[in-house]
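Engineer: These are the residues of each chain, in order.
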Amino acid sequence: MENFQVHLELDGAIATLKMNGDLTHTAEQRLINAYDKCATPKTKHIVLDFSQVEYINSAGMSIIISMLTRAQEIQQEIRACGLSPHFQKIFNMVGLSKYIMHFENLQDALQGLHAQKA
Amino acid sequence: MENFQVHLELDGAIATLKMNGDLTHTAEQRLINAYDKCATPKTKHIVLDFSQVEYINSAGMSIIISMLTRAQEIQQEIRACGLSPHFQKIFNMVGLSKYIMHFENLQDALQGLHAQKA
Amino acid sequence: MKKTASAKSEEKIVRLMIPSTFGYEKIAMNAAAELAEIAGIPPDRSQDLCTATAEACINAMQHGNKMSPTTSVDILYYLKDNTLEIEIYDHGAGIQKHPPKPVLERKLSKKDAPRGWGIFLIENLVDQVEFGISSRHGHVTRLIMKLQPAEVV
Amino acid sequence: MKKTASAKSEEKIVRLMIPSTFGYEKIAMNAAAELAEIAGIPPDRSQDLCTATAEACINAMQHGNKMSPTTSVDILYYLKDNTLEIEIYDHGAGIQKHPPKPVLERKLSKKDAPRGWGIFLIENLVDQVEFGISSRHGHVTRLIMKLQPAEVV
Ligand SMILES: Nc1ncnc2c1ncn2[C@@H]1O[C@H](COP(=O)(O)OP(=O)(O)O)[C@@H](O)[C@H]1O
Ligand SMILES: Nc1ncnc2c1ncn2[C@@H]1O[C@H](COP(=O)(O)OP(=O)(O)O)[C@@H](O)[C@H]1O
Numbered sequence: 001m002e003n004f005q006v007h008l009e010l011d012g013a014i015a016t017l018k019m020n021g022d023l024t025h026t027a028e029q030r031l032i033n034a035y036d037k038c039a040t041p042k043t044k045h046i047v048l049d050f051s052q053v054e055y056i057n058s059a060g061m062s063i064i065i066s067m068l069t070r071a072q073e074i075q076q077e078i079r080a081c082g083l084s085p086h087f088q089k090i091f092n093m094v095g096l097s098k099y100i101m102h103f104e105n106l107q108d109a110l111q112g113l114h115a116q117k118a
Numbered sequence: 119m120e121n122f123q124v125h126l127e128l129d130g131a132i133a134t135l136k137m138n139g140d141l142t143h144t145a146e147q148r149l150i151n152a153y154d155k156c157a158t159p160k161t162k163h164i165v166l167d168f169s170q171v172e173y174i175n176s177a178g179m180s181i182i183i184s185m186l187t188r189a190q191e192i193q194q195e196i197r198a199c200g201l202s203p204h205f206q207k208i209f210n211m212v213g214l215s216k217y218i219m220h221f222e223n224l225q226d227a228l229q230g231l232h233a234q235k236a
Numbered sequence: 237m238k239k240t241a242s243a244k245s246e247e248k249i250v251r252l253m254i255p256s257t258f259g260y261e262k263i264a265m266n267a268a269a270e271l272a273e274i275a276g277i278p279p280d281r282s283q284d285l286c287t288a289t290a291e292a293c294i295n296a297m298q299h300g301n302k303m304s305p306t307t308s309v310d311i312l313y314y315l316k317d318n319t320l321e322i323e324i325y326d327h328g329a330g331i332q333k334h335p336p337k338p339v340l341e342r343k344l345s346k347k348d349a350p351r352g353w354g355i356f357l358i359e360n361l362v363d364q365v366e367f368g369i370s371s372r373h374g375h376v377t378r379l380i381m382k383l384q385p386a387e388v389v
Numbered sequence: 390m391k392k393t394a395s396a397k398s399e400e401k402i403v404r405l406m407i408p409s410t411f412g413y414e415k416i417a418m419n420a421a422a423e424l425a426e427i428a429g430i431p432p433d434r435s436q437d438l439c440t441a442t443a444e445a446c447i448n449a450m451q452h453g454n455k456m457s458p459t460t461s462v463d464i465l466y467y468l469k470d471n472t473l474e475i476e477i478y479d480h481g482a483g484i485q486k487h488p489p490k491p492v493l494e495r496k497l498s499k500k501d502a503p504r505g506w507g508i509f510l511i512e513n514l515v516d517q518v519e520f521g522i523s524s525r526h527g528h529v530t531r532l533i534m535k536l537q538p539a540e541v542v
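Protein chains in written order, with the numbering used here: chain A, 1 to 118; chain B, 119 to 236; chain C, 237 to 389; chain D, 390 to 542.
Worth flagging that the hints you see were computed from the coordinates, not collected in a lab. For clarity, every value in this text was computed on a predicted model and none was experimentally measured.
Straight-line distance between alpha carbons at most 30 Å, and here's what the computed BS3-like set of lysine-lysine pairs gives:
(1) C/K346 <-> B/K160
(2) D/K500 <-> A/K98
(3) A/K89 <-> D/K535
(4) B/K155 <-> C/K347
(5) C/K382 <-> B/K207
(6) D/K455 <-> C/K316
(7) C/K337 <-> B/K216
(8) C/K346 <-> B/K155
(9) A/K98 <-> D/K490
(10) D/K469 <-> D/K535
(11) D/K486 <-> D/K535
(12) D/K499 <-> A/K37
(13) A/K98 <-> A/K44
Restraint ranges, calculated between C-beta atoms of paired labels, are given here:
(14) C/N318 <-> B/P159: 53 to 59 Å
(15) B/N151 <-> A/D11: 57 to 63 Å
(16) D/P538 <-> A/Q5: 42 to 48 Å
(17) D/P432 <-> A/D11: 35 to 41 Å
Beta carbons are placed, not taken as given, at the ideal position from N, Cα and C, and that holds for glycine.
With the rest of the complex left out, here is chain A (with noise of 0.2 Å):
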């Protein structure tokens, strides 16, 4: 039983990575695998939706930095959204709500940037 998926939706500058799942170990390849494919400069915004997203725990943390890592590197801005409070809180501490900025749901985290886009 594989416990989490990842769905990437390409529009534009937009790339949105809707995950399901653990945020894990075990997700690392997946992920990854998705980023890949917009780790691209004509990708300029990423949006990693985490509403499906239950846990989370310090590898999946490492696995975020390492793609904030890369989004640097080409000037992409990550955003996220539906982040549990439990988890928007983790995120605070470890920093990561400095560089990524969190919505409630991803209408709002798409909403500045079709703005941008149109």
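Following the hints, complete the assembly by docking chains B, C and D with the ligands onto the known chain A.
Structural biologist: What follows is chains B, C and D with the ligands alone, placed relative to chain A:
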């Protein structure tokens, strides 16, 4: 920490018992106390709202059976709503579904009754 | 937990000890649910297993351990290739005589007590049930759920 | 679990053993959540305790038991009058030197590896943490959550 609450609403011949928490041994006294308040021939219909009940064990089933025994003695009808598919199956196994009709939600359970009342 | 057709996956064992106090059976249920998910058991069958596990724990607390709060109920979970097995141990003498099938109408007419559904539920919810006495651990109720054939990946 | 001002409630002990396999830490988390509920710990603090428990289990599997799937992580839960304590045991030599506080910017600039958040999270999420070696059980991480004063009923 008390993990079972019951809220009684009386409306003419209809009594609604909204339960919240686990329907187990520890629920017995509270549920019986609530039923005592509507165990009169004036109340013709009892609606048990299980939508906020997550766990029912065999002791909880026994409490419902005791209540049904008393209700039958005074010609009260008992209806239920909000049981999960799992507990609908258990009600069916035990035979309770022959005596207690189940509705998806409280509104559906009350609908026919209010028509009768009017 | 993805299995390949060739790989022989090892047995996984989880062990839990809870006090004979009502409410603590939920810990045993949650562990059953988690293992059912790891084993790929579908949600409805997982709930069946959880209810059966809770009832076996409650019987172990009540009839086996006589509600002594310092006597534990021991639960062993075995995740094997084709089954998830849960053994619930208590320190009593075990079931002397299999109880007759409960009949709701006898209870509604007060011929029988309203209680007495535990074993009936257990037997109807899992694929196989065994009751036994182990010299080392006391009385055991063994619940067995069959797993679907491993997906080939 | 309602406590009265006068009644001295007894300590409750729950014990769990899981294999050193990623994913099984969720069983330990769920047990922590259930005990937190019994203890009346509010949901946000319960989630803190669950995350800390999971991280301590993962460290026990990785660094203590070197991911040997047949070596178990043992978890003891003590529900006392004023605290909920969780001890996570592994069979390793323990933490040799307390790791320095991780700094995100050092990780983003690749000066440090992206990992290394477990102990930092544990220490920030529970009221008290202790690391130690027990001659009987091996290395232990002890997580302590303080309970609110018992409600008078
Ligand atoms: N673990 C056990 N040890 C000894 N006796 C048991 C055990 N479990 C069940 N029994 C016996 O079987 C009877 C029926 O059990 P059950 O169907 O669960 O209903 P109930 O517990 O409500 O009586 C019990 O009354 C008891 O005599
Ligand atoms: N149970 C343990 N036994 C031995 N060493 C440990 C244990 N837990 C943590 N450590 C040591 O502390 C270091 C930091 O742990 P942690 O903060 O959880 O980050 P990570 O596990 O990602 O390295 C580990 O790399 C390891 O050397």
